[in-house]
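Those protein sequences? They're chains A and B, same order as listed.
Each residue of the first sequence is one higher than the one before, starting from 1 at the first, in the working numbering.
Each residue of the second sequence is one higher than the one before, starting from 1 at the first, in the working numbering.
Among the hints, a few may not be true.
[What the hints assert, rightly or not] Computed list of chain A residues with no C-beta within reach of chain B, every gap over 12 Å:
#1 V31
#2 K39
#3 N153
[Claimed, not checked] Once the Cα atoms are required to be at most 35 Å apart in a straight line, the calculated DSBU-like pairs of lysine-lysine come out as:
#4 K157/B with K26/A
#5 K168/A with K219/B
#6 K115/B with K26/A
[Claimed, not checked] Here are the in silico distance ranges between beta carbons for each label pair:
#7 D47/B with G78/A: 48 to 56 Å
#8 N180/B with P141/A: 39 to 47 Å
#9 E28/A with H237/B: 48 to 56 Å
#10 Q55/B with A91/A: 34 to 42 Å
#11 A38/A with I54/B: 29 to 37 Å
#12 H237/B with G120/A: 24 to 32 Å
Don't read these hints as lab results, they were simulated from the structure.
We put the CB at the ideal spot given by N, CA and C, even for glycine.
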Amino acid sequence: MKKLLALIAMAVIPLTAAAHGPSPQKVEKSVTIKADPAKVWALVKDFGNMQKWHPAVASTKLETKDGETYRLLTLKGGGTIYEKLRSVDDADMKLKYEIEEGVLPVADYNSFITVKAGPGAGESTVTWVGRFYRVYKLNPPIPPGQDDESAINAVTGVYDAGLANLKKVAEGK
Amino acid sequence: MSVIDLASNKVIASIEVGKAPVGVATSAALSRTYISNVDGQSISVIDSQHYQVIQELPLKGSPVGIALSPDSKTLYVADWFEDKVLALNTADLTQQRTVSVGKAPAGIIVSPDGKQLYVANRDSNDVAIIDTGSMQIIHRIAVGEHPFGLGLSRDGKQLYAVNVYSNSVSMIDTQTHQVNTIKVGEHPYCVTVSSDGSRVYVTNTQSDNISVIDVVQQKVISIVPVGGYPEGISFDHANQRVYVANWFDNTVSVIDASNNKLVETIATDKQSRAFGQFIQETAH
Chain A
1 MKKLLALIAM AVIPLTAAAH GPSPQKVEKS VTIKADPAKV WALVKDFGNM QKWHPAVAST
61 KLETKDGETY RLLTLKGGGT IYEKLRSVDD ADMKLKYEIE EGVLPVADYN SFITVKAGPG
121 AGESTVTWVG RFYRVYKLNP PIPPGQDDES AINAVTGVYD AGLANLKKVA EGK
Chain B
1 MSVIDLASNK VIASIEVGKA PVGVATSAAL SRTYISNVDG QSISVIDSQH YQVIQELPLK
61 GSPVGIALSP DSKTLYVADW FEDKVLALNT ADLTQQRTVS VGKAPAGIIV SPDGKQLYVA
121 NRDSNDVAII DTGSMQIIHR IAVGEHPFGL GLSRDGKQLY AVNVYSNSVS MIDTQTHQVN
181 TIKVGEHPYC VTVSSDGSRV YVTNTQSDNI SVIDVVQQKV ISIVPVGGYP EGISFDHANQ
241 RVYVANWFDN TVSVIDASNN KLVETIATDK QSRAFGQFIQ ETAH
C-alpha cells in the first residue's frame with residue numbers, strides 16, 4: 001500500500017496523447033483466489049464499480065460518450081484517473097481498458113485483466129497486465145518522477161494492492 | 001534476442017544485446033544481424049552463424065528503424081529523437097553519412113535496386129523518399145496519422161505505411177506516388193508483403209490480430225487472431241509463412257499464408273517486438 005499511497009499523493013501529471021515513445025514497459029501480476037471464476041469475473045467486469053474491490057478507489061463514476069464507456073476513478077488519497085473501456089469478453093473473461101488521463105506517472109497506458117479457472121477446483125487465477133511508457137519521452141536527462149522506474153513502480157503498486165484486495169473481497173474475508 | 005530456426009520453429013539461441021532492443025535487419029550474405037537498441041543508444045552486430053555479438057556500436061541518438069540495402073553494403077538506421085537517418089558502411093561502421101528527415105523517423109525500407117530509401121516520419125505524418133546516392137530527400141508523401149511500420153512489394157512497386165492513429169494502411173504507388181487507404185484493426189504497427197505482392201499482412205496491436213489485405217480488391221479479406229499485442233511481422237518467402245512477434249505474450253505466431261490459419265505459437269524471451277525484416281533468407 002505504501003507505494004500506492006505515495007503515487008496518489010503526487011501532483012497530477014498530464015498525459016501526452018501525442019506520442020508513444022520507443023520503449024514500452026510492462027507489468028504483469030497474478031493472484032490465485034479461492035472463489036469461483038464466475039464470482040471473481042463478476043467483480044472484475046463491473047467497470048463502474050471498481051471501488052468494490054480496489055482499496056485505493058473511493059468512488060467510480062461511469063459515463064458514456066459517443067457510444068464508448070468511460071469511468072472516472074476518484075482515489076482515496078486524492079486525484080482522479082479517467083479510463084476508457086476497450087472491451088469486455090465474457091467467453092474469455094477478459095476486460096481491456098486504457099487510461100485517458102490521471103495521476104499515474106505513465107503515458108499511453110493500456111491494460112487487460114483476465115480471470116481463468118484453476119489451479120485448484122473452485123479457484124480462480126486473475127492476471128493483470130499493463131503496457132505503458134514513461135511520461136518523459138525524449139532523450140536523457142529524464143526529469144525525476146518521469147522515468148521508467150517511476151512508471152513501473154506506480155503500476156506495480158496499483159496491481160499489487162488491487163489484486164490482494166480483490167482476493168479478500170472475492171473470498172469474503 | 002531470440003533466434004528461431006524456421007525449419008523446427010524452435011528457439012535455438014538467446015543472445016544478450018543492448019537495452020530495449022527494437023529493430024532488426026539481417027543479411028545472409030554477410031552472416032550478420034543488426035539490432036537497434038533504443039535505450040542502449042547502440043547497434044548490436046551479431047554473427048548470425050555463431051549467434052554471438054561481435055560489436056556494440058554506440059550511437060548519439062536513439063535508433064529504432066533499421067534496414068539493409070539489397071547488396072548488404074549499407075545499413076540504414078532511423079534515429080528517433082535526432083530526426084535523422086544514418087547510412088553506415090557495413091564493411092566499416094565508422095563510415096557514416098546522415099540525412100535530416102521528418103519528425104520521429106520510424107520504419108525504413110530500401111527499394112530493390114538500392115537507389116531509394118523510404119522513411120515513415122511518425123510525427124510528420126508523411127513518408128520521405130531519399131536518394132541513397134546523394135542522401136537527399138527527393139519526395140515527401142502525405143499518409144495517415146502516425147505512420148510507423150513500412151512494407152514493400154518485392155518488385156518495389158507498392159509501398160505500405162501503417163498509420164497507428166488512423167487505424168489504416170496507406171498503399172503508395174512508388175512510381176506515381178498515388179495513395180490509397182485501407183482501414184485495418186486497432187492501433188496497427190507493422191506490415192509485410194507476400195512473395196507475389198498480392199497479399200499484405202498488418203499487425204493490429206490492440207485487436208490482438210492480423211489483417212490480411214487483398215491488394216487487387218484493396219480490402220481486408222481475413223482477420224487472424226494471434227497473441228497479445230502483435231508488433232513485428234515478416235514474410236518467410238521460402239516456406240510461405242508469416243511470423244508475428246507478440247509483445248504481451250512473449251511469443252511468436254506462425255501463420256500459413258496459403259489459408260491464413262495460425263499453425264504454431266513459439267515461446268520466446270520476454271516482450272518480443274522485432275521491428276523490421278527479421279527473417280534471414282538462405283544465401284544463394
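- Query: If you draw a straight line from the CA of K115/B to the CA of K26/A, is it 35 Å or shorter?
  - Reply: 39 Å, violated
- Query: Could one say that the CB atoms of N180/B and P141/A fall in the range 39 to 47 Å?
  - Reply: Hint holds: Cβ distance 44 Å, inside 39 to 47 Å.
- CB of E28/A to CB of H237/B, is that within 48 to 56 Å? 35 Å, violated
- Query: Far enough from chain B: is every CB of that chain over 12 Å from the CB of N153/A?
  - Reply: 17 Å, holds
- Under the criterion that the straight-line Cα-Cα distance not exceed 35 Å, is the pair K168/A, K219/B satisfied? 49 Å, violated
- Query: At the C-beta level, are A38/A and I54/B separated by a distance inside 29 to 37 Å?
  - Reply: The hint (29 to 37 Å, Cβ to Cβ) is violated, given that A38/A and I54/B are roughly 55 Å apart.
- Item | Proposed proximity, K26/A with K157/B (alpha carbon, max 35 Å) | Not OK: K157/B and K26/A at ~38 Å, beyond 35 Å, violated.
- Task: Look at the Cβ atoms of H237/B and G120/A and judge whether their distance stays inside 24 to 32 Å.
- Result: 48 Å, violated
- Message: A range of 48 to 56 Å was offered for this pair. Does it hold for the Cβ distance of D47/B and G78/A?
- Response: Once the Cβ atoms are compared, 55 Å apart, the range 48 to 56 Å for G78/A and D47/B holds.
- Item | Separation of V31/A from chain B, once the least beta-carbon distance is taken, above 12 Å | 18 Å, holds
- Message: Minimum C-beta separation from K39/A to chain B exceeding 12 Å: can you confirm that?
- Response: 25 Å, holds
- Item | Cβ distance range 34 to 42 Å for Q55/B and A91/A, holds or violated | 49 Å, violated
Of the numbered hints given earlier, the model fails hints 4, 5, 6, 9, 10, 11, 12; all others are met.
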